[in-house]
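Protein chains: 2
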Amino acid sequence: MKIPEICLSRLPVYLNYLRTVRTEYISSREIAKALGYGEVLVRKDLAYTPAEGKPRRGYSVEELKKAIEEKLTCGNLKRAAVLGAGGLGRALLAYGGFSRYGIEVVAAYDIDPLKTGAEIAGKPVIAESAMRESLEQLGVSLIMLCVPASAAREAAASLEGTPVKAILNFAPAQVSAEGITVRNLDVAANLAVLASMI
Amino acid sequence: MKIPEICLSRLPVYLNYLRTVRTEYISSREIAKALGYGEVLVRKDLAYTPAEGKPRRGYSVEELKKAIEEKLTCGNLKRAAVLGAGGLGRALLAYGGFSRYGIEVVAAYDIDPLKTGAEIAGKPVIAESAMRESLEQLGVSLIMLCVPASAAREAAASLEGTPVKAILNFAPAQVSAEGITVRNLDVAANLAVLASMI
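First to last, the protein sequences are chains F and X. Under my numbering, the first residue of the first sequence carries the number 1, and numbering increases by one thereafter. Under my numbering, the first residue of the second sequence carries the number 1, and numbering increases by one thereafter.
The following block holds chain F by itself, in its conformation from the complex (with noise of 0.2 Å):
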């Protein structure tokens, strides 16, 4: 059953939320109060995962988890480099919460020939010249875009005809590339969204 990307973005708000609950059954009621959710949109995008909940008790809270971790995963362990190793990148390459959605980061690649050779948390940081080469290599079907703003079309291109499938932009700047999806994740415009609403 193929799920919205509306329904996709949710999952993980559910599973983080499941991730605290204490008890062993829940209800959708209780997960829509939880969340400040509708029952009618939790019970339906609930229903894209594999869990099914039991009348009077709800769901098993470790059941729905694993169901929605699947639903998130695929089952299929994916590879994602981070394309950019200033500060956010190397941030990203360090941070070990990738592996819960069954994905592996594991390399970076830089054009700066001061940042390429070290590693950064066992990770190795490669020369853009040899990105592609590497790409097919390690079998990376994800990009995280960290470079500058300037610099983003261009290393967005530069991915075209590679193993990479999609691409996280950080970068403030609109990208694209053949045949990759892309998702934009602009964090200086995510508070500035927030700023505004206070």
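There's no promise every hint is true.
Same chains, same names: a pair is fine if it fits in one copy or spans any two.
List of simulated lysine to any residue pairs, SDA-like, C-alpha gap at most 20 Å [stated by the list, open to error]: (1) K115 to Y95; (2) K2 to Y25; (3) K2 to R100; (4) K2 to M197; (5) K33 to N184; (6) K123 to G87; (7) K65 to S150; (8) K66 to S196; (9) K33 to V175; (10) K123 to G86; (11) K66 to R100; (12) K44 to Y25; (13) K33 to T73; (14) K115 to A94; (15) K2 to I198; (16) K123 to I180; (17) K115 to G87; (18) K33 to T181; (19) K54 to N190.
FYI, nobody ran anything at the bench for these hints, they're computed from the structure.
Let chain F serve as the given structure and place chain X on it in line with the hints.
Below, chain X without anything else, positioned relative to chain F:
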């Protein structure tokens, strides 16, 4: 005019796109096409800003950029700080991209005495024990929460009764604090959503 959060979230997308435009004028149709939005949606979104399109010419790109920036910053400079000076916190402290939204990142707070007392990118890392007083002194209204998931709830709660009005939560945990708006930005979850789309 109160702008819905969903429209607000798109304003940085327009802004980033407009920064790449080299013509003097642009129509809502051209913007819609470039961003993959509907034309009606674009017109409605932009109607929340003070910008006015001219018949047959469209919007002045410069005026539209200023109008969106004005809407996003509300004309006020806001002060932000980082709570949790680990890899991500340090990267955010050093990142220069907030100023174009009228946000100044002024300090970081951390519980670890090995991290406090130092400066990162010219900004002090202050002991969490001195945080409440410091938030008052500096007039910080925005917090980027970068502590580990296990510490996130307590850290958010510790901001109650301070000048902080909003939290951008990077920790993979649900947090809440009385009188404070929370927006979640779970990087791993965003990558997981993208990974499950490919």
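To see whether the hints hold, each was checked on the structure:
no., hint, verdict
1, K115 to Y95, "both (18 Å within a copy, 18 Å between copies)"
2, K2 to Y25, "neither (27 Å within a copy, 40 Å between copies)"
3, K2 to R100, "neither (22 Å within a copy, 39 Å between copies)"
4, K2 to M197, "between (34 Å within a copy, 10 Å between copies)"
5, K33 to N184, "between (29 Å within a copy, 17 Å between copies)"
6, K123 to G87, "both (15 Å within a copy, 15 Å between copies)"
7, K65 to S150, "between (40 Å within a copy, 18 Å between copies)"
8, K66 to S196, "between (37 Å within a copy, 15 Å between copies)"
9, K33 to V175, "between (38 Å within a copy, 14 Å between copies)"
10, K123 to G86, "both (14 Å within a copy, 18 Å between copies)"
11, K66 to R100, "within (11 Å within a copy, 42 Å between copies)"
12, K44 to Y25, "within (18 Å within a copy, 44 Å between copies)"
13, K33 to T73, "neither (26 Å within a copy, 32 Å between copies)"
14, K115 to A94, "both (15 Å within a copy, 17 Å between copies)"
15, K2 to I198, "between (37 Å within a copy, 12 Å between copies)"
16, K123 to I180, "neither (24 Å within a copy, 38 Å between copies)"
17, K115 to G87, "both (11 Å within a copy, 17 Å between copies)"
18, K33 to T181, "between (33 Å within a copy, 17 Å between copies)"
19, K54 to N190, "neither (38 Å within a copy, 30 Å between copies)"
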